[in-house]
Structures are given as C-alpha cells and as structure tokens.
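First to last, the protein sequences are chains A and B. Those letters in the first sequence? Residues 62 to 710, per this note's numbering, in order. Those letters in the second sequence? Residues 62 to 710, per this note's numbering, in order.
Hint data in this document are derived by calculation from the structure and do not stem from the laboratory. Hints should not be assumed to be uniformly reliable.
Intra- or inter-copy, both count: the list cannot distinguish identical chains.
[What the hints assert, rightly or not] Distance condition first, Cα-Cα at most 20 Å in a straight line; then the derived SDA-like pairs of lysine to any residue:
| hint | residue 1 | residue 2 |
| --- | --- | --- |
| 1 | Lys255 | Leu613 |
| 2 | Lys63 | Val198 |
| 3 | Lys399 | Pro428 |
| 4 | Lys354 | Asn393 |
| 5 | Lys251 | Gly464 |
| 6 | Lys158 | Ile689 |
| 7 | Lys399 | Val551 |
Number of protein chains: 2
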Amino acid sequence: SKEELYLASVFVSDAQYNRNIYFDTSPQAVRLYLLYNHWLPQVLLYIFIILDLSLALFEEPAVIPLPSWATMLVELLCLLVFTLRLVHYARVIPQDKFWKDPKNICIIAIVALTLIDMIIYGALKASSYQAIRWTRVLRPLLLVNVTEGRQLRRAFRSIRNALPQIIYVFLLFLFSLLIFSLMALKLVGKRDLKTTGGAPYFSSYVDIIFDLYVLVTTANSPDVMMPAYNASSWFALFFIIYILINTYIFMSVFLAVVYNNYKKYLKEEIRQLVRAKRHKMVRAFAVLQERRKDTEEQVVSQANWNQLVRLVQPDIRNAHRELLWSVLDPQNQGCIGKVAFVQLADLLNIEVITLKSRPHPLRFIFPTLYLSVPSRLICRLVRHRTFVMVYDLIILVNAIFIGLDEDNPLIADSEWMFLSLYLLEILLKLYVFEPRAFFSRHNLWNWFDTIIVFSALIATVVNSAVKSFGLYGSHQILDIVLILRVLRLVRVVDSVQRFRTIINAMIRVGPAILTFGQLILVVYYIFAMVGMELFKGKIKYFGEGSDDPTKLFCGNVLLNGTSFAQLNYCKNNFNDILSSFILLVELTVVNQWHDILHLLCEEPLLSSGFTFVTHVSARIFFVVFHIIVVIIIINIFVAFVLEAFFMEY
Amino acid sequence: SKEELYLASVFVSDAQYNRNIYFDTSPQAVRLYLLYNHWLPQVLLYIFIILDLSLALFEEPAVIPLPSWATMLVELLCLLVFTLRLVHYARVIPQDKFWKDPKNICIIAIVALTLIDMIIYGALKASSYQAIRWTRVLRPLLLVNVTEGRQLRRAFRSIRNALPQIIYVFLLFLFSLLIFSLMALKLVGKRDLKTTGGAPYFSSYVDIIFDLYVLVTTANSPDVMMPAYNASSWFALFFIIYILINTYIFMSVFLAVVYNNYKKYLKEEIRQLVRAKRHKMVRAFAVLQERRKDTEEQVVSQANWNQLVRLVQPDIRNAHRELLWSVLDPQNQGCIGKVAFVQLADLLNIEVITLKSRPHPLRFIFPTLYLSVPSRLICRLVRHRTFVMVYDLIILVNAIFIGLDEDNPLIADSEWMFLSLYLLEILLKLYVFEPRAFFSRHNLWNWFDTIIVFSALIATVVNSAVKSFGLYGSHQILDIVLILRVLRLVRVVDSVQRFRTIINAMIRVGPAILTFGQLILVVYYIFAMVGMELFKGKIKYFGEGSDDPTKLFCGNVLLNGTSFAQLNYCKNNFNDILSSFILLVELTVVNQWHDILHLLCEEPLLSSGFTFVTHVSARIFFVVFHIIVVIIIINIFVAFVLEAFFMEY
Ligand code: NA
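Construct the complete structure from the given sequences, taking the supplied hints into account.
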C-alpha cells in the first residue's frame, strides 16, 4: 500500500543519511517525521541557533550595543523556535523514547533555565541591582543537542569515553610536575635569587608549580631558567631534564593517548552506525516483503522497489535506477531478497560518474564552426602540456609584478593584462572542455580558478570605478583585490604531481575540520562568556588617535609599567565576544600566555566584595582552558591530520 | 676441524649481535677479526672518541683553557688510535670491500683533513695570523662512521631516505609561507605601521617572511600580530588562518610524513638485517655441514654443535645448552638440518628466566632460625599488601616533611628516621625475597630503590660529617642529598597499576632515546662549532659579584637597551661549548629564539672585512638549525614515543 511504501522509504532514507531516530510508525507520525526531516525547518533551526549565539555581539559587553529588552526579545523568539522544534520531535517519536533521551532533557533544561535567568535578570535590572546573564554559557550546548548535531555529539562522546585514559596520563604528568617543583623549591628556594623584575624567584611552592606548568608549554622559556642558570650552570641540567620529560615525552604521550582512544571510540561509534543502518534496511524490507510463490522466499518485487527508489530519491534518472537494479538482481529474477535489498542505502550514496565524455554543446549549436580547422587547432593547443606551462610562467611573472611597487602606473596597468590573460584561459578551457565536466564536483581547481578570477574582476572594476569617480578609495575593496590577486598564484602548485597528492590529503581533513570547528566554537564560546564576566572592562584599548592619558597603561593604573602595557597588548582583552575569541586563539597558540594571564591575575578580580575570587581562580581558568583546548582538542585535530596522512602513504 | 669451528662460531656470533662485516675467511683474518670484536679495543675506541669530542672544552673558546699544543697533542693521539683501528679493520676485510665502503673513506678523509688543518693552524699561529680549527666540525662524524656506530648510521640513513618526501612537504610549506608573506606585504606594508619599538612593521618582504616563519614556531605570538591587530581587527583573521594552516596543519603534516617515512625505511633496514642474519647462519652451516649417511641430507652433528655453542657463548650453562638442542632437535636424531640450525642465533638471544623460585640462602645457613615462627611471621607481614600501603603512607608523610622548612631541627632530624625506615624496608625485603631474584634485571624498581636509598645514606652521612667538623657546608653535597630525598618519592607511582603500564611504555622508548641522544649530540656539536666561530665573545656574561660597567648590556655596547640585555640573557652565548649546548637546547625549545637571534643579527658579524657575512647568514644559521632539529629530529623522537604507545594499546 501507499502508506507502507512511505514508511519503507523513510527507513531507507534514514539509513542513507545515517539518521538515528526511532520514530513512531503510525501514518500520521511518519508524515510528521517527513516534515521534520525536510530541509527547510532544519535550515531555519540552524539560523535561529546562529542568531541565538550571535546575540553575544549585542549584549553587554557588546560589540554593537543594543538595549537588553531587544536582545531578550530575540532570545525569546529563539527559545520559542527551539521549543516548537522539540514539540515537533516529541510528536514524531514514542513518549517513553522521548523522555529517556538525555539530549531532549538537556534542551528542555536549557530553555527553562534561560527563561528563569531572563526573569531574574529583568527583575534585578528593574530594581537597579547588578545582574549576570549566566545562562549564556549554556547556549552553545544547543548546537550539540539538536538532533542535527550528531557528528558534534559523537565527537563529544568520543572525548568523554577517552577521558579515563587521558586522566591517568594527566595524573602521572601532574605527579612529575609536583616532584620537579619540590626539587626546584629545595634546590633554588633557599638561595634568595631574584627575577629580572626583582621579584623573589622560585620561593613559593604554588608559584613554582605554575611556572613549571607554563614551561611545559615552552611559553616562558628561557626566562624562567635564567636566574637559576645565572646562579649556577648546573641548574640548566635540571631544566633540560624537565623539558625532556614533561614537554617532549609527556606531551607526545598525550598525543598518543588522545589519538588512540579517540580513534578507538570513534571507530566503535561508526561500527554502531553501520549496524543501525542495516537494522533500518531490514525494517524497510519487512514492510515491503512478499512471499515468492516458487521458493517460499521473502522478497521485494521490482515494481515495489522502483516506487520505493522514486520516493527516496525523486530526482534519480531512470538509467541510474535501472543500473542499481541490475547490480542487485544480476540474474534478472524480477525480485530481490533481504541480502540484496539491504545494500540499497549504500548504493544510493555512491555517486555514479559518467565516464563517457559528452561532446561539447557548441558542436551541436555551431557544428561547422566548432569542427573547423582553426577551432581544432585551438582545442589541440589548449589540451597541450605547453599551455599549462605557459600559464605557470604567466603566474610567476605576475608574482614578480605583485611584489613590485604598485604605485608605478605601468605595474598598476599590468594588472588588467593579467586579469584578461586569466579570463582568456578560463574562456579557452570552457571552449575546449565540456562545461559540465569542467565544473564537476571533482575539479576543485577549476572552481577555485573561476571564482578567484571573476571575484578579482568584479572587485578590480568596483575599485577602479570608486577611484575614477574621485571617491575615497575604500580600504576594504582594495584589500579584497589584493588578497584575490595573491590567491591566484596558489594555482601554480597544481602543476606538480607531488604537491597535488599532499594537498589532496590535506583536503581530506576538511570534514574533520568542520566538526572540529564546531567543537572549538562550543568551547571558546563557553570560555568567552565566563571570561567576559570575570575580566570585562579591566583593560581598555584606545585607538591610535586617542589622547586619553591612561592610554599607555590600557586604562588601568595597575598596569602602569608592566610588560603587558609595554608590549602594547591592550587590545587583548575580554571586553567583547570578538576580542575574547581572538584572545582565546592567542591562548591556544600558547605563547606569552603567562604574560597575558599574569596581568589578569595581578588584578583583584571582582573587587567589589567578592574576596573569594582571588588570582588563583584566574590561573585555574587559564590552566583548565589549556588542558581542554591544547591537550585534548588540538591533539584530536593533530590526530585527524596524522590519520589522513597515514592513509595516504 | 678447529679452524672451521672458529669460523662458524664467528658467523654465529656476528648473526647474534647483528654485526655486518664481510671479513676475510682465512684463519689469520678470522683471528684478527676476533680481536677486532673484543670488548676492550671497542671500549678504548669509544673512550678516545669521547676524548676527541671533549677537546672542545679545552680549546679556544674554552671552558678550561689549555695551551693549543696540549690539545693538539691529545688530538694527534686520538687520530693515531682511529688510524690504528682502521688499519686493523683493513686487515680483517678484503681490500676491495674496504675501499668500497664509504664509512672508511670518510674516516680517512676526516683524519687527513684534521692533520692538514692542524698543520695550517700551527703555521698560521706561529706567524701570528688568525686561524680557525675548522675540522672540529667533522669530529662528531667519527661517532657515526666507526664500525660500532651502526644504529646511529642506520638512523642517519633512514633520515636521508625520508628526505625527499619531507622536502616536498617543506617546499609546499615554503610556498604557503611566501604567499602569506606577499599577502601581508600588500595588505599591511603600505599602512606605515610601527612596532612597539618604533621600527617599521611588515615593510620588507624578507623581514615578513622571516617573521612569519618565526610565527610558525609560535615564538613571536602574539607580538607579531599586535600592530596589525591594533590597526584593524580584521587582520587578526589573517593571522588566525595563517596559524591554522602553517602551525597546526603543516607542522602536523611534517610529523606525519617524518613518522611514516622514517618508520618505513627503518623497517626496511630491519628486514635487511634479518636477511643478513640468515645469510650468516647459512654460511656457518655450510662450514660445519656433513652428509648424513641414511638420508643423504646435509646436517650438523650434536657434537659439533655443542663445541660451536661453547665457542660462541663460553659462559653458557650445560642445562641451558641442552634445552636449546632439544628445541632444535625435538625427535632427538643427534643432528640438525639447515632450517633448525639457522634458528640458533635467535635462540641464543632469548633470555631464559628460571621460573622456579629458588629458596632463600639464609634457609641453608640458619635453617632453624629462618624457619622459626617469628621469622615466618616477618615473611608473611612483608609479603602482605598492607606492607606496601604502609610504606606508601610513609612516603606521603615524608613528602610533607620535605615540603616543610628544613631549618627546623625536628624536621632535619626526621630525615634520619625516614632514611632508617627506607633502609629497614630494603633489608626486610632482602630477608624475605631471594636476593638474586630481588635484583634481577626485570625488577627495575628494586634497583631504583636500593641505589637511591644507599646514595642518600652516603650523601647524608658525608653532609653531616662535613657540617659537624665545622667545615663550610658544601652546596653540591647538600644539593645531591635534596635531589635524592625528592627522588625517593617517585617510588609511590609503582603502587598504581595504570601508572605502571604508562611508565613501562615510556621505558620502552629508552633505547630509541639513546640513539636519538647520539643523533642530537652530532647535530648540536656541529652547530656549536660553527656558532662558536661565528659568535664567540660577542656577548659576555659577568657573574653576580662583578662590577664591570658593561655588565648591564652583556659587555657589548650594541646591546645597550635591547630586550636581550633587559631579560638578563647574557649567559645565553656561544662563548664555550657548554654555553653553546645550553643555548642550542633553548633554540630547540623554540621560544624567544627570535629574540636570541635578533641580537646576534644586529651585530655586524666578523666585522673585520668579511662584509659578505651579513646578518642574513645568521638567520640562515638558525633557520637551518630549526629545520634540522625541530622539524626532523624532534619529530622522529615524537614518532618513537607515539609508536611505543600505539604498541601498548
Ligand atoms: Na612557544
């Protein structure tokens, strides 16, 4: 029946796209479920999540300040959307499944807590008390917990499962750190050494632990060693052994353990995914099966199968569908058993590349012209190796011209020549090669070329227009022109086979980078929220033109004369979400982070009476950030790059 | 015959120890070859290599200055020893093999060049000209090229074979660096920005390339970004993308490529080693084989085999030898064929651990006492888990006491109590467990404990004696006491099973670290030699007590007011081999290395007329060091740690 076909098609497309939702199989629920999986509500949901996350741009401390009622109104709208989506989901799957799933509970909790927080905040603001929108920390968790965040959730689950192993190594590392710190205290502590700044050196156990922890990241090398080394050369040996064990061996061990465990659990997850896919296909088969008269086997007839495939993939071509059937039913029996049926989901995911070269459309439109002698000559020239070499040469000459001074009018005009040459190249290639093949999904370099050249053309024209109308030359447009001009040069690497192999392996890391980017967004967002509440407004940045008297020490007397102010780090602050993100990137790079941190530590935090928030807690904030981001997440990223290259060779 | 047995035994022991020398099989050559492999000349050779290398301590610029005739005399002696050893080797192997082996040519060249260098140096010195002992750079190559440096040579060979792959990635990385630098020049160069020091920022292409290269090592983050970031927040995006691609992706790709290729070639080398081993065993078999009467097979009789094994391993016990025979000849036929014979070399390498527990020697000496009720009670107590826990508790209490102020007499005296407790523990264990089992090669922790406690005992007694005689308390002895005291605490990790697994995996990296240590010694030595010639005496360090007026700027007016002098880096110099090595470690850690380097660059190098040696060449010195040490050697080290842990899990 039609409803059975619908149900089976839902199972198949769930299997095809690895959806893991145990929906209700009643006809209404199936219809609702189809709506739930429609691309429009999914895209809308993502838009509202991005909107919700980007509210941080407009809330105190804001990049673009908006009144809090406006942001709260938008947030209410977002919450409404999330709730509607969740209600939709609740009507799709059975009640008991819904309440057993932690991600639904999590979304409900986030929505409820946010509402409570907004009410409290509003009430406190109305009575002029200080208030904190603390549920902003929870926002990125929505990205994790919506049904579509499967990959991200899998990544978090793999991290959680890998944690016990990582923690054992971390404890051992901590033990090593404590032992070395104790040794440093005993050896150096009594000698009354001073740092360059005149402060006592290695005199308190807690400070030594922190300094040696920072040394693991190499951020304070060699400064942390110098006073001891100046006192006696033997102390250098202590630091060298420390760095060998803790920086080189332990950090490599972390990479090894993260790599191994994360991969192990990810593989386990993928194995489960394959099982679930099979299970769904079996259910689809069970819906459509009919008993074959001669052999008493359960089979699916070709007619039903055809209808099913048309439902699952409405845009499939008949030739393609028939090809699939002939793969599943090679003896042409007119029906397939369970084993063959189960393969359908995977077959649908395989992209069939038409290998036979299609003739160029111009050949149909202007056959005599396209097949004439000069036209054939052009085709042969463009297909020749020399063509590629000539253009590589042009790119090199272009590189030299870019390097030269662009104020010289001759060189500025040469840009038009290069642009037309590149444009000519693309047009020639389009004349010679079949356009659909030229722009197929596998020819990334053609896409790259075309986009870069056409963007450069548009930007250069706009830039010239702006200039020739005597308008103020916009920096932004000129910058874009310059970037595009340099990016064009990148194409030259495609000519070397070895480079292409390496770049292909790098591109294979792409999908991992996407998941990884979401992962880091979640972590950064949470740390940025906490950091902004703790440190906002402590450090101020005044622009170049400002003549504020406190400009030299970032608007904070406590910073007067510190290296932070001297190094012009004032813009590294937690004053808005963008600055916070850039600061967190700097902390991820792990250089000078102790300097950035030291400054924040010297501040009496939240000085308005919260004496329990001492500088130690600020250190904890940064050490926790380091452990989570550098030791765990960056190592996962490195593991993905390693894996991609281990596969290549 | 006896000579055949000798020859066969040499083949077998070469196979056993993986020696790959194609010696002459004439009886005299075999006798010479046996002498060549004797441990005494090998140890002597190593002593003379170490002596030769350590001459750098006494030569200008010296740690302990000696007249140059003295060091040259010692060096001549070393050269004589190397020559004798080489002559010995030449008489062992066939002439044509000798002259075809590049390592022999290399040694001859080093010796000859050193002699020439010494003559030139002597002549120039005698006529009061300036002279450089440039062949000192070649000294570490002796370590690589002596016959015994097989593992090191294999490591270098693997690096050489992996180089092509690494170079392709490096070229791509270089291309990326050039493109990003060009972009930075175009975007930032025209804005007339200034660094914190007031210097023009990102205005020259070469400077940008260097700055961005340093950024890859993260050493100048975030400083290099700040002027651009202060000008516009958008520039932060440029640097973030740069760091993502070049620091995170490319550096991981380097690790992956080094890991893959180095491992691949090392595996190939080991496969060749296995083939060579088999080949040698086959030759030994060919020497001893005799035709069996009944089956016409070639075999080796048990009598011959026994004599052979006694020659190869004179200290083998009869029981062990018979065990080996019964493994090779399970049907007890009295002779073995080729297949069984070939296994001998591997069988000899297997250590047979006597599993049956030997009774305690005290049981034989004082049977009634050792088997009495109190003695049995002691044995049961020591074997109980509580005994370990009690001592873990004691260690923790000890840790707290060490942390407390040792000037308190009560705490100073408690040290004696802890020492006696630890001593008691060892004595009790020796009373309960069989001493040879207790000190077997596998019980590393017992060795560790005993050595640490006994050293601590001796050092503490000496320290107290020195003190009680009213002598000046020597800092060195006290430092040793303190280190030993803290090291004792390390034992506590052995109680946790998980920690033991991790530590075992780390210990498995040990042999790799040894080869790796020699590798880095060779590279450091060469760079130290070159560095000392280029930079010696440019920076001076004056001790704490000095009141030299130039002390504040390291004795060099050019450094007045630089951050190098402000950070008190004066002791980071190339003034002697030890300082050079420590400086090279700091450069390996890759932090502030641009600072250290910048200073050396600002100096007009070798200003006495060699104008072609500009500051650019100093940059090249350091970049080459970075590429070789950090990108290649450190990555090999990390690869070994990763491998050890991939095997564990
Ligand atoms: Na660093």
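Against the structure, the hints:
1. Lys255 x Leu613: For Lys255 and Leu613, the Cα distance is within 20 Å only across copies (16 Å; inside one copy 27 Å).
2. Lys63 x Val198: Close neither inside one copy (47 Å) nor across copies (85 Å); limit 20 Å.
3. Lys399 x Pro428: Neither, since 51 Å and 77 Å both go past 20 Å.
4. Lys354 x Asn393: Close inside one copy (17 Å), not across copies (68 Å); limit 20 Å.
5. Lys251 x Gly464: between (58 Å within a copy, 13 Å between copies)
6. Lys158 x Ile689: neither (32 Å within a copy, 58 Å between copies)
7. Lys399 x Val551: neither (50 Å within a copy, 61 Å between copies)
The structure fails hints 2, 3, 6 and 7 (numbered hints given earlier, in ascending order).
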